Every structure is written in structure tokens, then in C-alpha cells.
Amino acid sequence: MSENLERRRFLKFLGAGSLIVAPLGCSSVDEDKNSNQPHYIMVFDQNKCVGCGDCKVACNQANNLPEGKSRVMMEQQSGGVEGQVCPQCGKTSCECERKYVRVSCQQCQNAPCVTVCPTGAAHRDAKTGIVTMDKAKCAGCKYCIAACPYDARYINKETDVADNCDFCLESKLAKGELPACVQSCRYDALIFGDANDPTSYVNKLLAVKDSVRIKSHFGTQPSLRYIPIVKQGV
Amino acid sequence: MDGTIEFTMGLSDGIAWPWPIAVYLFFAGISGGALAVALFIRFYKQQTTNTPFLKAASLVSFATIALGMLCLVLDLTNPLFFWRILVYYNLNSVMSVGVIALTAYIPLTALMALFALEEEIKQIPLLRPLVPVIDKLKGIRRPCEYAVLALALAVCAYTGFLISALVRFPIINTSVLPALFVASGLSAGAAAAKMLAVGIFKEDLHSQDMKILHGAEWPIMFAEALFLFMIIMSLATGNAGAQSAFEAFHTGTWSMVFWLGVVGLGFGGPLLLNFATGKQFSHSSQAFYLSGLCAVGGMMCLRMFILYAGQNFAI
Numbered sequence: 001m002s003e004n005l006e007r008r009r010f011l012k013f014l015g016a017g018s019l020i021v022a023p024l025g026c027s028s029v030d031e032d033k034n035s036n037q038p039h040y041i042m043v044f045d046q047n048k049c050v051g052c053g054d055c056k057v058a059c060n061q062a063n064n065l066p067e068g069k070s071r072v073m074m075e076q077q078s079g080g081v082e083g084q085v086c087p088q089c090g091k092t093s094c095e096c097e098r099k100y101v102r103v104s105c106q107q108c109q110n111a112p113c114v115t116v117c118p119t120g121a122a123h124r125d126a127k128t129g130i131v132t133m134d135k136a137k138c139a140g141c142k143y144c145i146a147a148c149p150y151d152a153r154y155i156n157k158e159t160d161v162a163d164n165c166d167f168c169l170e171s172k173l174a175k176g177e178l179p180a181c182v183q184s185c186r187y188d189a190l191i192f193g194d195a196n197d198p199t200s201y202v203n204k205l206l207a208v209k210d211s212v213r214i215k216s217h218f219g220t221q222p223s224l225r226y227i228p229i230v231k232q233g234v
Numbered sequence: 001m002d003g004t005i006e007f008t009m010g011l012s013d014g015i016a017w018p019w020p021i022a023v024y025l026f027f028a029g030i031s032g033g034a035l036a037v038a039l040f041i042r043f044y045k046q047q048t049t050n051t052p053f054l055k056a057a058s059l060v061s062f063a064t065i066a067l068g069m070l071c072l073v074l075d076l077t078n079p080l081f082f083w084r085i086l087v088y089y090n091l092n093s094v095m096s097v098g099v100i101a102l103t104a105y106i107p108l109t110a111l112m113a114l115f116a117l118e119e120e121i122k123q124i125p126l127l128r129p130l131v132p133v134i135d136k137l138k139g140i141r142r143p144c145e146y147a148v149l150a151l152a153l154a155v156c157a158y159t160g161f162l163i164s165a166l167v168r169f170p171i172i173n174t175s176v177l178p179a180l181f182v183a184s185g186l187s188a189g190a191a192a193a194k195m196l197a198v199g200i201f202k203e204d205l206h207s208q209d210m211k212i213l214h215g216a217e218w219p220i221m222f223a224e225a226l227f228l229f230m231i232i233m234s235l236a237t238g239n240a241g242a243q244s245a246f247e248a249f250h251t252g253t254w255s256m257v258f259w260l261g262v263v264g265l266g267f268g269g270p271l272l273l274n275f276a277t278g279k280q281f282s283h284s285s286q287a288f289y290l291s292g293l294c295a296v297g298g299m300m301c302l303r304m305f306i307l308y309a310g311q312n313f314a315i
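Chains as they are written, first to last, in full-length UniProt numbering: chain Y, 1 to 234; chain V, 1 to 315.
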């Protein structure tokens, strides 16, 4: 008899308890929804880049940037160019292999610029998760520029507000095209796609290629991957 | 560093935050420091009158924070965009939190100045319309004082938190910075206010308030030196990035600013003027003003050093 009562009480508590606990458990559904969100990443293959600079020009045109300014730069890391000193060995003529690296917004998943921006102008696009700018909100305080560990943000002299590479979110992605730099690269050194899509080319590429991220120790989780030249000679 | 791939170029064309920001940090520190010290004394001594030091501190506090705001606005890429920072908020951002604190702090410093300078305002015909306002608000003076004391310390600390959030600069990205900025704000704020108290509001050089200040100055300065020492030690014994930033203390122009300005002027100046000179000189008004100027100048050098040397040594 008493055992019965105990069981009944137990079941009652179980029922009441589940009413409290169940909604807590259900709140994790949010995360599942997020996993359907794309995570756009870009891969820069140093083995293929020849430093032609077409990507810069294309970026400038696509995003109507002021003359001589683009959201991407090429840093020459080694190898002689006529009349220039090799950054690696310091000689004007050398046998070092030419090496370039893409310098641009790293599209961090944990972006310091978004965290520090006092107005929310530097924000994450709700649909694509891409870090972009709301020009109408930016006050020009330059906090984002100081906070970016990659020094990849700048003030657009024409609009007086901060700017960053946003994978051509407005100019190209909105039309369903690839970012301008990716389109313009004749050497396939840039690959762009959704890392959350198991069938995407970037996913397949990263599955077989070793890639690195720049300054990963800052914990910003950049979305730009780099395939470095690792061979030391023939 | 030995990463497989790194880049060293940047898109931003140099230092993101130039000297107006250092001047703003300086003014905000003095403003918060002066008012906090004056209110500490007011509560500690249970003063009810408007002492010369309180008058000076509230005037200094309001004037410096107003000038600081001017620096801040003029440093925006387009000062006309200033309103955006007041309309849009991001509570994850230290700057946004600071803006909220400042929007409460600035009107309250103005109110403090009105209360403290009531007699002076009555004597100036142009400011006479303010007298009924002061009378009306007198009832809330005490709660305002408590609020402004908390906000003054918050503003001092906030200037430290504001820049210590910048992860790539080892000199700046330290948890001791807010404490250092509070300590140096208190010492420079007190120095600025006491010079004004003696110079304009005819405070006696050896009054009770001055004695308390004198007693408090040395421990605050000691705390400041200690915080600086902590930052230096953590850089010298830190990881590769911290060690490379440690160079700022012994190479280049900014090391001179540190050793001559911060250490020599800021710490050495007042110490020498007070303890290394004869009793007659160290009690004179020249020594008083000189050591006050040293404290204020040292603090300015500190802000300049932290901001410039800090940004020069990025990792």
C-alpha cells in the first residue's frame, strides 16, 4: 500500500518535474538551427598565387572603393622582383622563390571588431554570418581598427567610416555570384564556399589539403584558410 | 615569430588612435580623479560647506571632461557622426558602456560645479539665472554626490578598460591598466585641483584639506609605481609577444618619454621637490606648484606612452 503511494508520488513528481526540465532541454534546439546557417570561408593557396594583383583591382571595382584602395592587399614575402629587395634574403637578385600572401579581413567567427564596436555598425550579417559594416551606424571611432589583430580594417576616405572585406556580401553574393577577387583570379589561388555544406568544394579541398590560419592564438577563429608553400627547394 | 604563414602588412595606415585619444584619457583621468578625491575628503571629514578644494575640484572636473569630449569628437573620422554613438548601443562594447557612464557623469559634474560654486555664481550677473536652478536641486545634492563619486571612479577605470580590450598590444592588453589609470587619475586630479584651490579659491597652503591630500598623495603614488612595475614585470617575463613589447621600455623615443616623463617628471619631480630640498623651499608655494605640475605632466606622459608605445608594439 505504502509502496503504491510512493510510486504514485514519484510519478507525480516526475510529471511535474518534466514540465520544468523539458523546456530547458528544448532551448538547445536553437543551436541545431544555427548549424544550418552557412559558414562562408575562403582558402588562399600560396602555391598558386603569382602576385598579379588582379584580385585587388577586381575588389576595387566591385565595391566602388576610392582610387588606389582595396579591401585586400598582397604582401610579397620572398623572391626578387626587378629593382626590389627580396624580403627574405635581402638581396636585389636572388634565387628565392616568389611568395605572396593575401592580406584582408579574416572574417573571424569570434570577431573583436564586432565585440568592441560601440554602435553595432561592425556586425555579423544575420543570414550569412559574414562580418560586415552598417555604414549608417558607424561613428568613425576607429575602435574596430585598433581591435583587429590583423590590422585588416581601414577608414574609407570617401564615406569616412570603417570598412572591411565582407566577401562582396552586397555587391556579388547578393546576386548569387562569387566574390570579385575569386572570380578574377586566373590561377585558382582563391577558393570560396560554405564550410557547413558537406558537398561544397571548399570542404572537399580542406579534407585533402593542409591549411593554416593566421594568428590563430588570438582565438578569433578566422574563416580565411591559407595553404602555405612548405617545400624548401627541389 | 615562427608561424608557417603570417603577414605583416596592414590596411589601416599606421596608428589607429593618435594623440587626441591620449589627451582624452588624460582629461578623463583628471576629471574623475579630482572629483573623487574631493568627495572622499568631503565624506571623510563630513564637510557641509563648499570648501575651496571642492570648488576647485568640481570646476576642474567639469572643464576637463568637457575638453576630453571635444578631443574625442574631433578624433572621429567625421565629427558630425558623433550622434550615432549616442543613439546606437552595443552592450558588449566597453566604449558603449563608457558612453552610458559618461552621459550620466557629465551632467552630474556640471551639477556638482553649480552646487560648489553657488557663491561665485551669485556674484556673476551673467550666470545669475542659474541661482533658482541650484536652489531647486539642492535637495538631491547628497544622492548626486554619492552617484558622481561612483561614476568618477568608473570613468577613471573605464579609460583603462577601454584600451585594455585591444588584444594585439601587449603593453595595453593588461588587466592592471584600469587600476593604474585610477591611481594616476587620482594623483593627477588631486594635484590639478589643489593647484586651482590655492591659486584661485585662496586655499591656505597648509590647511586641513591640504594636509589630508598630502598624506594621501604618497600612498597613491606608490600604488601607481607598483602597478607600473607589475606591467613591466609581466612583459619582461611573459611570452614572446610580451617580451618584444618590453623593448618599448629601453629602446626608441617612447622609452625616453617613459623614463624622463613618467618616471623622472611624474615620480622623481614631486619626490625631489618635497624631500631633497630644504624645509623652507619644500614648504614654499613654488615647490607646491612645481610638484603639482610634475604630477600632471607625468600623467600626461604616461597616457602618451601607453597609447603610442602600446600601439607601436603589436603582436
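By construction, these hints were calculated from the structure, which means they are not laboratory data. Note that this is a predicted model, so its numbers are computed, not measured. Every residue, glycine too, gets a C-beta built ideally from N, C-alpha and C. One or more of the hints may lead you astray.
Only part of the chain Y face toward chain V is listed, based on derived beta-carbon distances under 7 Å [to be verified]:
#1 Pro38
#2 Val103
#3 Arg124
#4 Ala126
#5 Gly140
#6 Ala152
#7 Tyr201
#8 Phe218
Ranges of calculated distance between the beta carbons of each label pair, as one might list FRET restraints [stated by the list, open to error]:
#9 Y:Gly90 x V:Met233: 55 to 63 Å
#10 Y:Gly219 x V:Thr253: 28 to 36 Å
#11 V:Thr253 x Y:Gln37: 24 to 32 Å
#12 V:Lys279 x Y:Gly219: 40 to 48 Å
#13 Y:Asp188 x V:Thr253: 28 to 36 Å
#14 Y:Val57 x V:Gly238: 36 to 44 Å
#15 V:Leu226 x Y:Ser18: 55 to 63 Å
A partial selection of chain Y residues facing chain V, derived with a Cβ cut-off under 10 Å [as the list claims (entries may be wrong)]:
#16 Leu11
#17 Phe13
#18 Ala121
#19 Val161
#20 Leu178
#21 Lys215
#22 Gly219
#23 Gln221
#24 Tyr226
Evaluated hints:
The interface hint given for Pro38 of chain Y is broken, as the beta carbon of that residue sits about 23 Å from the closest beta carbon of chain V, more than 7 Å. Annotation: Val103 of chain Y was flagged as interfacial toward chain V, and the flag holds, the nearest CB pair being 5 Å apart, inside 7 Å. Given the 7 Å rule on beta carbons, the hint for Arg124 of chain Y is violated: about 12 Å separates it from the nearest Cβ of chain V. Residue-level restraint check for Ala126 of chain Y is violated (minimum Cβ-Cβ distance to chain V is 15 Å; threshold 7 Å).
A distance limit of 7 Å between C-beta atoms decides the matter here; for Gly140 of chain Y the minimum to chain V is near 3 Å, and the interface restraint holds. For Ala152 of chain Y, the shortest C-beta to C-beta distance to chain V is roughly 6 Å, which falls under 7 Å, so the interface hint holds. Look at Tyr201 of chain Y: its Cβ only gets to about 21 Å from chain V, farther than 7 Å, so that hint breaks. With a least beta-carbon distance of about 6 Å to chain V, the hint placing Phe218 of chain Y at the interface is held under the 7 Å criterion.
Range check, Gly90 of chain Y to Met233 of chain V: about 36 Å between beta-carbon atoms, so the 55 to 63 Å window is missed. A beta carbon spacing of about 32 Å between Gly219 of chain Y and Thr253 of chain V agrees with the range 28 to 36 Å that was offered as a hint. Range check, Thr253 of chain V to Gln37 of chain Y: Cβ separation about 48 Å, and the 24 to 32 Å hint is violated. The hinted range of 40 to 48 Å is not satisfied by Lys279 of chain V and Gly219 of chain Y, whose Cβ atoms lie roughly 57 Å apart.
In this structure the hint that Asp188 of chain Y and Thr253 of chain V lie 28 to 36 Å apart at CB is violated, the actual value being about 47 Å. For the pair Val57 of chain Y and Gly238 of chain V, the beta carbons lie near 42 Å from each other, so the given range of 36 to 44 Å is met. For Leu226 of chain V and Ser18 of chain Y, the hinted distance range of 55 to 63 Å is satisfied, since their beta carbons lie about 56 Å from each other. Here the hint on Leu11 of chain Y is broken, as its CB sits about 45 Å from the closest CB of chain V, past 10 Å.
Checking Phe13 of chain Y against chain V by beta carbon gives a least distance of about 40 Å; that is not within 10 Å, so the hint is violated. At a threshold of 10 Å, the smallest CB-CB gap from Ala121 of chain Y to chain V is about 7 Å, leaving the interface hint in force. Hint on Val161 of chain Y holds. Least Cβ distance to chain V is approximately 7 Å, under the 10 Å limit. Given the 10 Å rule on beta carbons, the hint for Leu178 of chain Y is violated: about 22 Å separates it from the nearest Cβ of chain V.
Below 10 Å, beta-carbon pairs count as interface contacts, and Lys215 of chain Y has one with chain V at about 7 Å; its hint therefore holds. Of the supplied interface hints, the one on Gly219 of chain Y holds, with its beta-carbon coming within about 8 Å of a beta-carbon of chain V, less than 10 Å. Residue-level restraint check for Gln221 of chain Y is violated (minimum Cβ-Cβ distance to chain V is 13 Å; threshold 10 Å). The restraint placing Tyr226 of chain Y at the interface with chain V holds, with a minimum CB-CB distance near 5 Å, inside the 10 Å limit.
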